[in-house]
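Enquirer: Residues per chain, in single letters:
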Amino acid sequence: MDRESYNPNDPGFLLSRRIDRDLSPDDGERLEACLRASPQLRRNAEQLEAVSRLVARWAQRRADIDADVLAKLTHAQTASHAADADLARVDRLLHRWGADPGTADEVDLTARVLDQIRSRRLAAPVRRLVFRLGVPLAAAAAVAIAVVGTMWFPARPQAVCQVTLADSTSQSISTREAPQVVVSFAPFVAETPLIETGPVMGYMTLGAENVPLGDEGSSL
Amino acid sequence: MDTKTAVKEPSETQLVRRAQKGDAEAFGELVRRYQRRAVSLAYRLLGNTSDAADVAQDAFVRAYRSLAQLEDPARFGAWLMRVVSNLALNYRRARASKSAASLDDAMEGGAEVRRAATGQPLRIDRDDGEGPLPDELHDAVSRALEQLPDKQRLALILFSVEGLPQKEVADILDCSVELVKWNVFQARQKLKEMLAEHL
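Protein chains in written order, with the working numbering: chain U, 1 to 220; chain B, 1001 to 1199.
Worth flagging that the hints you see were computed from the coordinates, not collected in a lab. None of the values given here were measured: they were computed from a predicted structure. Beta carbons: idealized from backbone N, C-alpha and C, even for Gly. Accuracy of the hints is not assured; some may be wrong.
Computed spacing ranges between beta-carbons, pair by pair [what the hints assert, rightly or not]:
id	chain 1	residue 1	chain 2	residue 2	range
1	U	8	B	1017	31 to 41 Å
2	U	130	B	1134	53 to 63 Å
3	U	144	B	1021	37 to 47 Å
4	B	1065	U	30	44 to 54 Å
5	B	1062	U	130	21 to 31 Å
Taking the hints into account, I'd like the entire structure generated from these sequences.
Expert: Here you go:
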């Protein structure tokens, strides 16, 4: 849209509106004054009127009908007829089209549109049925897969608590006399051996918590 | 009393309301009423009857599917013409991207292309200045129209060729009446320059 250049006082614009008989008396008088003063504007007016006539004549040509169009328009009726019968029908259609392009294909275009609409309406219940049955079935299948997966692949520990002696040459916890115990947590990896927690050997106080001691480590 | 006169045809608004409730027959009646304008507009924009029929059919089917969105049934005509215009312009763009061929290729006027290729000026013979244009001049006008910006071409075709009221054209183009007039003027100005040798 050429909003920026819009100028209601442009003499050319007034000329164009005069062609369409869309000028107010005031605008008409203003344009006449401009035309009297400007030979160039008079020339412009002649050319715009010539363009307008050219377009009007261009529009007189009706839609031509060719073999492809006729084949489409008459396919349903002519499919089972002999070639000469088709040609006769094509000829009749052609004449009707030439007389009034809007009526030649009237019945046909309407039928084609209605056929398309009806085929979509018939397909719609099927789509609804698929949707109504398919979605719950898909949801149930997803739940079943999740349940079976949980049963087949039980949860593994996510971290391992390691208990070691500090300031000791021995790496194992073997004595109550151990001066200090260091407890640390490490992420569980598949290779980490899981050791059953043996009988608790005893407790010692470390800060505010009681920490059970294992032989080497205990799974959480 | 003549019983025939007692039977009134349903109004367009009634038909649209019935079609909105899923009445395909009512929509069929709307198709019958509007198809001539739809095909004609598509033909003016595409220059090809086969494409115009396809686009018009597609426009009616899409209109039926989107009919619920039409709040004012009285505006069905303008709304439908806008659908036809948009589809025809999209179709034209798709066609242009598929092939650099001009309108001449869609028609049978191959001579026009050859003339353009040799750079020789177009000469119009046997034009008596009345009635439909001779083939070559018709093709030249078609090609000039093709080169106009979409809104200018639509404004000119809807108003000057199809004869729709400016208000309706404004509805279709979704702009003011003044801008319709301005676009028509701009279109004429450009055609004047492009077709200078034939004026």
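Enquirer: Determine for every hint whether it applies to the structure shown.
Expert: Evaluated hints:
Evaluation of the 31 to 41 Å hint for residue 8(U) and residue 1017(B) yields a pass: the beta carbon distance comes to about 40 Å. A C-beta distance of roughly 58 Å is found between residue 130(U) and residue 1134(B), which places it inside the suggested range of 53 to 63 Å. Range check, residue 144(U) to residue 1021(B): Cβ separation about 42 Å, and the 37 to 47 Å hint holds. At roughly 50 Å, the beta carbons of residue 1065(B) and residue 30(U) sit within the given window of 44 to 54 Å.
About 24 Å separates the C-beta atoms of residue 1062(B) and residue 130(U), a value consistent with the hinted range of 21 to 31 Å.
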